[in-house]
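Peer 1: What follows is the residue order along each chain.
There are 2 protein chains.
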Amino acid sequence: MPSHAPRIGFIGLGIMGKPMARNLLAAGYELTVHSRSHGPVEELAGEGAAVAASPAAVASVSDVVITMLPDSPDVEQVVLGDDGLASGGGEGLLHVDMSSIDPTATRRIAAALAERGIAMLDAPVSGGERGAIDATLSIMVGGPEVEFRRAEPIFQHLGKTIVHVGEAGAGQVTKACNQLVVGANIEAVAEALALARQSGVDQVAVRQVLLGGFAASRVLEAHGMRMIEGQFQPGFRVRLHAKDARIVQSLAAETGAVTPAFNVVADQLDQLVRTGRGDLDHSALYTLVSQEAAAS
Amino acid sequence: MPSHAPRIGFIGLGIMGKPMARNLLAAGYELTVHSRSHGPVEELAGEGAAVAASPAAVASVSDVVITMLPDSPDVEQVVLGDDGLASGGGEGLLHVDMSSIDPTATRRIAAALAERGIAMLDAPVSGGERGAIDATLSIMVGGPEVEFRRAEPIFQHLGKTIVHVGEAGAGQVTKACNQLVVGANIEAVAEALALARQSGVDQVAVRQVLLGGFAASRVLEAHGMRMIEGQFQPGFRVRLHAKDARIVQSLAAETGAVTPAFNVVADQLDQLVRTGRGDLDHSALYTLVSQEAAAS
Numbered sequence: 001m002p003s004h005a006p007r008i009g010f011i012g013l014g015i016m017g018k019p020m021a022r023n024l025l026a027a028g029y030e031l032t033v034h035s036r037s038h039g040p041v042e043e044l045a046g047e048g049a050a051v052a053a054s055p056a057a058v059a060s061v062s063d064v065v066i067t068m069l070p071d072s073p074d075v076e077q078v079v080l081g082d083d084g085l086a087s088g089g090g091e092g093l094l095h096v097d098m099s100s101i102d103p104t105a106t107r108r109i110a111a112a113l114a115e116r117g118i119a120m121l122d123a124p125v126s127g128g129e130r131g132a133i134d135a136t137l138s139i140m141v142g143g144p145e146v147e148f149r150r151a152e153p154i155f156q157h158l159g160k161t162i163v164h165v166g167e168a169g170a171g172q173v174t175k176a177c178n179q180l181v182v183g184a185n186i187e188a189v190a191e192a193l194a195l196a197r198q199s200g201v202d203q204v205a206v207r208q209v210l211l212g213g214f215a216a217s218r219v220l221e222a223h224g225m226r227m228i229e230g231q232f233q234p235g236f237r238v239r240l241h242a243k244d245a246r247i248v249q250s251l252a253a254e255t256g257a258v259t260p261a262f263n264v265v266a267d268q269l270d271q272l273v274r275t276g277r278g279d280l281d282h283s284a285l286y287t288l289v290s291q292e293a294a295a296s
Numbered sequence: 001m002p003s004h005a006p007r008i009g010f011i012g013l014g015i016m017g018k019p020m021a022r023n024l025l026a027a028g029y030e031l032t033v034h035s036r037s038h039g040p041v042e043e044l045a046g047e048g049a050a051v052a053a054s055p056a057a058v059a060s061v062s063d064v065v066i067t068m069l070p071d072s073p074d075v076e077q078v079v080l081g082d083d084g085l086a087s088g089g090g091e092g093l094l095h096v097d098m099s100s101i102d103p104t105a106t107r108r109i110a111a112a113l114a115e116r117g118i119a120m121l122d123a124p125v126s127g128g129e130r131g132a133i134d135a136t137l138s139i140m141v142g143g144p145e146v147e148f149r150r151a152e153p154i155f156q157h158l159g160k161t162i163v164h165v166g167e168a169g170a171g172q173v174t175k176a177c178n179q180l181v182v183g184a185n186i187e188a189v190a191e192a193l194a195l196a197r198q199s200g201v202d203q204v205a206v207r208q209v210l211l212g213g214f215a216a217s218r219v220l221e222a223h224g225m226r227m228i229e230g231q232f233q234p235g236f237r238v239r240l241h242a243k244d245a246r247i248v249q250s251l252a253a254e255t256g257a258v259t260p261a262f263n264v265v266a267d268q269l270d271q272l273v274r275t276g277r278g279d280l281d282h283s284a285l286y287t288l289v290s291q292e293a294a295a296s
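Chains as they are written, first to last, in our numbering: chain A, 1 to 296; chain B, 1 to 296.
None of these hints come from the bench; they were simulated from the model. Since we're looking at a predicted model, the values are computed, not measured. Keep in mind that a hint or two might mislead.
[To be verified] Listed next, the in silico SDA-like pairs over lysine to any residue satisfying Cα-Cα at most 25 Å (straight line):
#	chain 1	residue 1	chain 2	residue 2
1	B	K160	A	L80
2	A	K243	A	T255
3	B	K243	A	Q198
4	B	K160	A	D202
5	B	K160	A	A222
6	B	K160	A	Q208
7	A	K243	B	G200
8	B	K160	A	M225
9	B	K243	B	V273
10	A	K160	B	V273
11	A	K160	B	E221
12	A	K160	B	D202
13	B	K243	A	Q203
14	A	K160	B	M225
15	A	K160	B	A222
16	B	K243	A	P260
17	B	K160	B	V273
18	A	K160	B	Q203
19	B	K243	A	R197
20	B	K243	A	G200
21	A	K243	A	S35
22	A	K160	B	V204
23	A	K243	B	S60
24	B	K160	A	K243
25	B	K160	A	Q203
26	B	K160	A	L211
Taking the hints into account, I'd like the entire structure generated from these sequences.
Peer 2: This is the structure we're talking about:
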């Protein structure tokens, strides 16, 4: 790592954040971490990370601060709240939010940071825990080109497909599109595998042969196998996908877009949450269309 | 080709059938063809195929007869109608129906053929015209294991993924599952790309970055590009996918399966047919959710 490499702060060491922070540490970056949960903080401290007591403290010793948090209010609190990174960081700081949140919140935060001379990129990811661990995430980046160029060497230690998709919020719009497609693809595979089973046809064979044609997808490969095995431990929680579905639907409402098939998927996700299945993996959409699962 | 190789008949030389028949000819099989349209018949005759005047005549000089036809009534007519292959073929003939038709019709035809000592496999495919030309189709085969073994060397000249999925009709059930997934995946990509455009985000960048994560699919790759380019020449016609959607829905009704998201897709396909877009490629689902396309 060259001596002019940026000092990185990392806030939010959950399922995704922890392996991402670890990859940056392994790449040789000087890293300062902060998270609500003590376990991951101590783990990374043991691997060489510095620890800071607040987002402001992280910002005061960093050139770039990455956040990886559950939802829009979490990001707003960590950035703009008491002891938030905005109060600790000065002119020239870059905030890279890799959480998946509402693009409207992103634009609001970016504007508030700009008033303080702090630049922001929205850079949500797809690829799940596996992608975070293996540094093969897909990273969809919104914000100024010059800041994208500044962050790109960092992204290269986290992901494989890194695309600058547009201005502030464009990364989050792209992530909403991603969650629309992933959710609808999971529902499609669930409906197809349930139909196969109801028709007395072997699901393993169906998955295998469909993977050879136009039905092939990463969802059929990964989530289809989960459905066949009845293995719904997360992975990516229904509750979080339901949150993303609300982002898709409010974005559609704001922009006049229509999403008739995805609206059904959003309803199915809400139904899982209402019936106590919000902490299962989102491939549990299968349990709503599968008769054997419904009966159990 | 060994001298004991089966003599093959091929009925139905459309977009899919013609390149498939050509691949069998190129593999060295003795091939007799029949089709309603003269052009493809003459083309294949020029490449060494024999020509027969009726399905019965094809059957009388073949050990295995392949059919590749648009819909259930076409297959019933060609097999069981006047001068149908059942009337020309005797004990020991194998009929391989590679059309995509209703599994109920398949079981009815298989039973009628069995009474005459003629075996049948249902072996619909996925992979489109490109897959037919390149012999990379995915082939989903229903019927007796012994007949599958007999046909397998032939399938290897037509496809890449060849799976025996179950008894008579199981191939068609699998194809219905395939069309469910493909249709829903196309609708999902259409809704996502329309949402991106309405939100002012570049569709090319969205497609590229989504291909790197869990949203990746053959549909996003192939049909997503068609939507971005506004190129809806078939390919696979809306009209045929709407036919397949009816097969999915009657299979679901018969077996008690539920397909809530796909039902929306089936409605969208019907709406395209009703509004004069039945002969476009099925990626034209995009035109129902895209405002620029709707306005034009």
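Peer 1: Would you list, in rising numerical order, the hints stated earlier that this structure does not obey?
Peer 2: Result: hints 1, 10, 17, 23, 24 break, sorted rising.
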